[in-house]
Amino acid sequence: MTIRCTVLFALFWLGSLSVMADLCQRVSSVGAQQDTVLPGSDPLAFDKDLSYTLLNEAHGFADKKMAESAQKRGQYWNRDFTSRSAYETSVEPNRKRLRKAIGIDERGSERGNYNLGLPDPRPQVGMERFAYDRDSILVAETSKYRVYQVRWPVLSRISGEGLLLEPKNKATGSVIAIPDADQTPEQLAGLAAGIAPQSQFARHLAENGLRVLVPVLIDRSPVFPGETKEQTKREWLYRQSYHMGKHLIGFEVQKVLAAVDWFKQTYGSKEKIGVAGYLEGGLIAFYAAAVDPRIDVTLVSGYFQSRENVWNEPIYRNVWGLLNEFGDAEMATLIAPRALIVEYSAIPEIWDGKRQDPTNLYNYSGYKGHLKTPDFENVSNEFKRIDQLLKPDFQFRELVAKGKNAPTGFGSIEALHVFCKKIGKDNILPLSGETPKDQRGSFKPADRQFRQAKEIDNHVQWLLRVSDYERNSFFLYKVIPEIGNRTWSTKTYHPYYPVGPFIEKSKPYRTIFQKEIIGEFDDELTDPSPRTRKIYDTVKWTGYEVVLKVFDGLSAAGILLIPKDIQPDEKRPVVVVQHGRNGVPATVIEGNTSYNDIGARLADQGFVVFAPFGIYNGEDRYRWLGRKANTLQKTMFSFVLAQHRQILNWLPTLSYVDKNRIAFYGKSYGGEMAMRIPSILEGYCLSVCSGDFGDWSRKVTDTYWHNSFMNTIEWEMPYFNMGSTFSYAEMAYLIAPRPFMVERGHDDLVQPDEWVAYEYAKVKYLYDRLNLGDKTDIEYFNGGHASRNEGVFKFLHKHLNWP
Numbered sequence: 012m013t014i015r016c017t018v019l020f021a022l023f024w025l026g027s028l029s030v031m032a033d034l035c036q037r038v039s040s041v042g043a044q045q046d047t048v049l050p051g052s053d054p055l056a057f058d059k060d061l062s063y064t065l066l067n068e069a070h071g072f073a074d075k076k077m078a079e080s081a082q083k084r085g086q087y088w089n090r091d092f093t094s095r096s097a098y099e100t101s102v103e104p105n106r107k108r109l110r111k112a113i114g115i116d117e118r119g120s121e122r123g124n125y126n127l128g129l130p131d132p133r134p135q136v137g138m139e140r141f142a143y144d145r146d147s148i149l150v151a152e153t154s155k156y157r158v159y160q161v162r163w164p165v166l167s168r169i170s171g172e173g174l175l176l177e178p179k180n181k182a183t184g185s186v187i188a189i190p191d192a193d194q195t196p197e198q199l200a201g202l203a204a205g206i207a208p209q210s211q212f213a214r215h216l217a218e219n220g221l222r223v224l225v226p227v228l229i230d231r232s233p234v235f236p237g238e239t240k241e242q243t244k245r246e247w248l249y250r251q252s253y254h255m256g257k258h259l260i261g262f263e264v265q266k267v268l269a270a271v272d273w274f275k276q277t278y279g280s281k282e283k284i285g286v287a288g289y290l291e292g293g294l295i296a297f298y299a300a301a302v303d304p305r306i307d308v309t310l311v312s313g314y315f316q317s318r319e320n321v322w323n324e325p326i327y328r329n330v331w332g333l334l335n336e337f338g339d340a341e342m343a344t345l346i347a348p349r350a351l352i353v354e355y356s357a358i359p360e361i362w363d364g365k366r367q368d369p370t371n372l373y374n375y376s377g378y379k380g381h382l383k384t385p386d387f388e389n390v391s392n393e394f395k396r397i398d399q400l401l402k403p404d405f406q407f408r409e410l411v412a413k414g415k416n417a418p419t420g421f422g423s424i425e426a427l428h429v430f431c432k433k434i435g436k437d438n439i440l441p442l443s444g445e446t447p448k449d450q451r452g453s454f455k456p457a458d459r460q461f462r463q464a465k466e467i468d469n470h471v472q473w474l475l476r477v478s479d480y481e482r483n484s485f486f487l488y489k490v491i492p493e494i495g496n497r498t499w500s501t502k503t504y505h506p507y508y509p510v511g512p513f514i515e516k517s518k519p520y521r522t523i524f525q526k527e528i529i530g531e532f533d534d535e536l537t538d539p540s541p542r543t544r545k546i547y548d549t550v551k552w553t554g555y556e557v558v559l560k561v562f563d564g565l566s567a568a569g570i571l572l573i574p575k576d577i578q579p580d581e582k583r584p585v586v587v588v589q590h591g592r593n594g595v596p597a598t599v600i601e602g603n604t605s606y607n608d609i610g611a612r613l614a615d616q617g618f619v620v621f622a623p624f625g626i627y628n629g630e631d632r633y634r635w636l637g638r639k640a641n642t643l644q645k646t647m648f649s650f651v652l653a654q655h656r657q658i659l660n661w662l663p664t665l666s667y668v669d670k671n672r673i674a675f676y677g678k679s680y681g682g683e684m685a686m687r688i689p690s691i692l693e694g695y696c697l698s699v700c701s702g703d704f705g706d707w708s709r710k711v712t713d714t715y716w717h718n719s720f721m722n723t724i725e726w727e728m729p730y731f732n733m734g735s736t737f738s739y740a741e742m743a744y745l746i747a748p749r750p751f752m753v754e755r756g757h758d759d760l761v762q763p764d765e766w767v768a769y770e771y772a773k774v775k776y777l778y779d780r781l782n783l784g785d786k787t788d789i790e791y792f793n794g795g796h797a798s799r800n801e802g803v804f805k806f807l808h809k810h811l812n813w814p
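In the numbering used here, the protein residues as written are 12 to 814.
What the hints contain is simulated information worked out from the structure, not anything from laboratory work.
Everything numeric in this text was worked out from a predicted model, so none of it was measured.
Every residue gets a Cβ at the ideal spot worked out from N, C-alpha and C, and that includes glycine.
Among these hints, one or two may not hold up.
Calculated pairs, BS3-like style, for lysine-lysine (alpha carbon to alpha carbon, straight line, at most 27 Å) [claimed, not checked]: (1) LYS107 to LYS526; (2) LYS448 to LYS181; (3) LYS526 to LYS155.
Restraint-style ranges between C-beta atoms, simulated for each label pair [claimed, not checked]: (4) GLY85 to ASN374: 53 to 59 Å; (5) PRO208 to GLN86: 23 to 29 Å; (6) ASN126 to SER147: 57 to 63 Å.
Please build the complete structure, drawing on both the sequences and the hints.
Right, dumping it as structure tokens:
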């Protein structure tokens, strides 16, 4: 056997020094064969690491798409300026898409109640003033206002908490003043140290006769402090919410909207309402005003700027598809024609996780984003861009800064003056020296913070608990309603469901999975223009390294193994064998790895084998590709999907390949691909998932199981709304009626055996009811995260019709 040294890097990842030494001995024998190419291809002259090259190409492709996003957003908008009502109607589709992206259900379309004994109604509107132990409900009092500790219902399991500052005289209007995530309502109201008096804008507004509600946000304190898996509390709630089609941003916006409900219910439909927020509170204020036209005036401080680098902001700001439709300028047009004040204020430098080492982007660092005060030009240019989107004088808006272009302290009197004037208060008085005093003896901010976080955690875990019902209602029961309407039966035989209608009715769900969950680039594939070089030559087969063009700036690559006994005009089956995380094609071919040399052994048995390079090699680097892709309503698998489309286009051009017998086998991260790619690409005639199958929704979202992605370093694993639409059973439904197999080691800690068995039972049930029971199988073995291959080989020989 001969092989090039380019696979040495793969063996480094495997940590096998003995194999590496042996490989170096074999490399020297390549000699003149190195320039041999596959017939019909051009020579491949490339001495860099292909795995990282492909990953870096994908990054460049994503960067280009993000840079182009602002110019392409117009296709999603159809603003009508003929009247205010016409305008509101014209932007309502955009508002609905924004609400969906941050996980806010439209009123009347909330998820079903699956508790048959107790109802789960939306809570009534209200505002509770409360106290603990012997404390008074009156927290503090000045000559101008009173302060109360309050909470208000938002969703069945979620409430808001904070302070209500109630003027002693009739209030001019109502304001929701939102502090940053690491500030408390008490600090913003002057009850606790930590914010300079001139920035205590909740207190300032209350002194000027406005009713002020100050909610608490989830803070950035660490979960698992000091451990490799450390994450902020905001990230911990974001991760689980995102996968279930929700978002921490959405939950906090809904707390604001529930407060608006109370203001309108209590003080009348004509009550003037404003929102004002700083930093993370500015984000929440901005989004709340964008989705709720009842908010009359908005002050955003320490947030507004260009969003093209949102992928490098803290991970809890990751919003699915944001840049496709919304920059901050576009978001501002959802607030129009209502007033918008942007305050260019200084923000503290915030590192989400540890600082990244720019000299090595391929190690895991724990870095997940960074915030600092943007340049004034960045803020000003984005603010001016609103002029290009709205007609003149359609919306009052003002950019407040210190001097001409310097950041001011947040909550400045200049910004508050404009804000108050638009809410109906013409003259704003300077902040007085009368400081409120907190009279509570039992209050602990950390207890309130825990309650608020635990409520969201409990709510999302409830969504996970009922997600089976939700996915069935979404997919299977729509495609085969008879399954959802089953009744008690004592019959020994039930008629099969016809396959044809199932295939036809499943097509829209494949499109949803492809477009809305995985995401797909709409670029046209280029000519593959294959480039190759021989890297293996054994007694039974020859191996070539192959590079294919996919898009302009994006390639695919892999190793092709061709049996030497192929006869003229003979068509052979192909097995595409996909490696796992931090692997390369050579790891599935040689080296006695956990793949058990499956690629080489399949080629020994006469199969054509293609082992593609995955782009999930390099820890931080591939994770950040997913972050970039998410801003475009794409995932890392969007790149992989394009690569495999091209692979399926190219393989049948080889004279010895049977295009109807191209199978997919993947282990570990390759097993993720075995569920996602064949679900979409029907050119794969079967799929085998090894070392990954199970209840994917629980794997990502379950906060109680120690090895779920909630409790590990894998912050990239949530896919927006996948948990409520597609777990692995639903992906297998999209593979049906093609053969499907699971390879499972009992002690593989990817998922517990019982989760695997539970999820596979759904797959087996559907295949049996479609009279396809012989086309699916699961092989358990007494092992771990490995390829045993025995059952897989039998399955492949049977369903690829190979002796």
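Results of checking the hints against the structure:
Restraint check for LYS107 and LYS526: the C-alpha separation of about 18 Å stays at or below 27 Å, so the hint holds. Restraint check for LYS448 and LYS181: satisfied, since their Cα atoms lie roughly 23 Å apart, inside the 27 Å limit. In summary, the hint linking LYS526 to LYS155 is not supported, as the alpha carbons are separated by about 55 Å, beyond the 27 Å threshold. For GLY85 and ASN374, the Cβ-Cβ distance of about 41 Å falls outside the hinted range of 53 to 59 Å, so the restraint is violated.
Evaluation of the 23 to 29 Å hint for PRO208 and GLN86 yields a failure: the beta carbon distance comes to about 48 Å. The hinted window of 57 to 63 Å between ASN126 and SER147 is violated, with their beta carbons roughly 38 Å apart.
Of the hints listed earlier, those the structure fails to meet are numbers 3, 4, 5 and 6, in rising order.
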